[in-house]
Amino acid sequence: MAPSLNRREVIAATATALILDSRDARATLIKGALPFHPGATNAPDVAQPGPWRFFTPEEGTTVEAIVDRLIPADNLTPGGKDLGCAIFIDRQLAGSYGHFGGHYMKGPFQRGTKQQGQQSDVTPAEHYRKALAALDDHCKQAFGKRFAELPDSEKDAIIKDLEDDKLKLAEGSGQDFFKQILNDTQTGFFADPVYGGNKDMAAWKMIGFPGAHYDYREWVDRHNQPVTLAPVSIKGHPNR
Amino acid sequence: MAKKLPAKDAVIVGLGWTGSILAHELCDAGLSVSAIERGPWRDPTAEFTPPVAQDELRFRIRHDLFLRPSQTSLTFRNNRDETALPVRTWGAFMLGNGVGGGGLHWNAETWRFLPSDFVLRSHLTQRYGAKFLPEDMTIQDWGITYDDLEPHYDRFEYLCGTSGTAGNVKGQIHDGGNPFEGPRSRPYPTPAQKQPFSHTLFANAARELGYKPFPQPSGNLSQAYTNPLGVKLGPCTYCGFCEWFACANYSKASPQTTILPVLVRKPNFEARTDCEVIRINLDNLGKRATGVTFVDTSGEEWEQPADLVLLCAFQLFNVQLLLLSGIGQPYEPRTGRGQIGRNFTHQTVSSAIGFFDKAKYNFNPFISSGSIGMCIDEFNGDNFDHGPLGFVGGGYLGQVQTNGRPMETTPVPPGTPAWGSEWKRAVRDNYLSTVYSGAGVHASWYAYRNNYLDLDPTYKDRFRRPLMRMTMDFHENELKMNAYLTDRYAEILEHMGAKQVVKQPRKGPYDITSYQTSHLCGGAIMGTTPGNSALNVYLQSWDVPNLFVQGASAFPQNAGYNPTGTVAALAYWSAAAIRSQYLKNPGPLVHA
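Residue numbers (the numbering used here), protein chains in the order written: chain S, 1 to 240; chain D, 1 to 592.
For reference, chain S alone in the conformation it holds in the complex (with noise of 0.2 Å):
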């Protein structure tokens, strides 16, 4: 039952000297010097541009529109859509986020209390599937139309039902559902714009974040002032 390695390790064990003899057990042996390679560096898994990764293309409207709610156009950023929200959710419910990846996933799987934790074996990429699906039937039901294609005044009542609990998507809790694109559309809003959302760093010009600066010594005791610096991605290029 070996580990599944996750990338970093296989750079890792590449890194350094894999044992193979047989008289000796597979593992990286580090002696005599610390394993260094030049250049073995830990890249992120970027969002890469393109298509939809995970959603449908009617689930990619209705995300859009929801995340153009959550995080409206207005004086201080565009909305949610343009600065890629939804991409950023629809890369992260494709890759190992969307399948609960590092999970302790054995079961039996039961409900507990609060304070035990998400018990649920529903991955967030089943969860949206489902829960998206049921929002647009909803609409459909009670509007005629998709969600997408409803008013933004209609579509803010809506989600204020799913935040208050007083919408119901088929067999699963709205609220839950609202927490959990609420959390993704502002980790989306916040994150490095390289996973796909916060496009040309919107977010943190808003709020006064440098971003990845990494190196304050000329400012940690210039109190009360502003920051000059022009934030910055991890990709080291502001702005791309």
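I should point out that these hints are in silico values taken from the structure, not numbers from a laboratory.
All the pointers check out, no bait thrown in.
Partial selection, computed: residues in chain D whose CB lies under 10 Å from chain S:
no.	residue
1	P50
2	Q54
3	R68
4	F76
5	A92
6	S198
7	P235
8	V264
9	A271
10	V295
11	E300
12	G404
13	L467
Quick look at which bits of chain S chain D covers, simulated, 3 or more residues with Cβ under 8 Å:
no.	region
14	24 to 34
15	70 to 84
16	99 to 111
17	199 to 212
18	216 to 230
Rough simulated footprint, nothing fancy, chain D against chain S, three-plus residues with beta-carbon under 8 Å:
no.	region
19	40 to 52
20	114 to 124
21	186 to 193
The beta-carbon is built from N, C-alpha and C at its ideal position, and this holds for glycine as well.
Given chain S, work out where chain D should sit, using these hints.
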């Protein structure tokens, strides 16, 4: 049947702080040492180069640096009447994985415990009487004193280059330091870090209220430093990505930046990574460890024989390996008998948020370090009279805000909508002008009869071994103490000039989803007799004398400080006893 590797003098389970310290000391004494580490090798300079490391999503939110619950987890319940359920994703604490262990992702707060913390039960009993303590509180003395540990605290601080301002050097109280600390033999190796605006304002306000603020002792260095092993550390750049992250800059003390570069060059040392020790092997009588069995990356079992076994894993996994190896008597809360799993504690932390007028205050919260901050110690340990208050214990209070990372640190005033333009405006209006320490109140957690660890009857790890089961809840003493301290903390924020202060005292029940430091303690505690402890005062197992169990699992209860300084001091103390006594005459160092 496991295959056998050539025998070593000593085998070390886990290559974090204590494993690195013990390996270095034992290699120095001429022993052949093999360290077996469950996680991968981690090279902060290559893997966490700026700006790769400055990634809040990947490391803080998605836990990329940590042990994954799919590798192993634990189960949790508040009390014995509940069914414990597995921790499916981390919340209340974070467990390291790989070489360096928690020493890679910590904030590097490098505290010493108070002299009275080591003689807790006798001190409190003497001052307040035995009846003052709750009936089910099972605190006890450590069996050693602050003076015993002082040279070892000193050794660790000089290894790390700890930045701070001494408050008590050889009994002489110094302005600007912590006047409550135990006497230290010499000042910190490097001066305190510079303090950003809000941390400085906190200190000013505390001083005006009559307290004696001092800089938090920091393993993020204020200046370049060469340690006694010849390893060089660089100055911290205040990047604000410290805890949950690794530092490529050699600015955060960790095994990689202080010991390993020297240790690995010793010909009598080797480490195997990606290998998980699954049990400590005993001889037929169960009185002597013969080595350990581990699983390699292909899933094959190997035996590493050794004369001396050093358990240096994280607290939970030290206790788990003892239980799975049948060493010592499992604790039974109904009778109070058995030592393994007993006196399990955590940390009682809380905070208050201070919202300030943005027209007047720009705190630039992103300029910070892991162990930055200004603290007061008036309410720690027994530094204040508990008599009229009806509780024991305490903690330090401080503006110890480590970051302005936007997913974690964009608090908004109560009543703000959770989404929409109004939420955005509130985030924008408060981001630069809010004081928000994750653990502005960092307080003790004393031991109780019904907080303990044992093996779970249902849930298993990837090797089909039972997970640890954690039965844990807050007791009235800690909640009362925390409410009192949170009130004192909020008063300081108000005096700083906050227009609104939102108190967030710790409330029960204990919640496994809410982060409250990774300072798990106890379960294999040290003490004076086999009747009150799993280990003697040298961290030697009472049951298996060639086994030493390092780490915070040895703490009889947790004090109001971050534990690593004391964990490392105990490791040096234990290593000194092994070198000066045990190796000359292997056997019990204390006769029961």
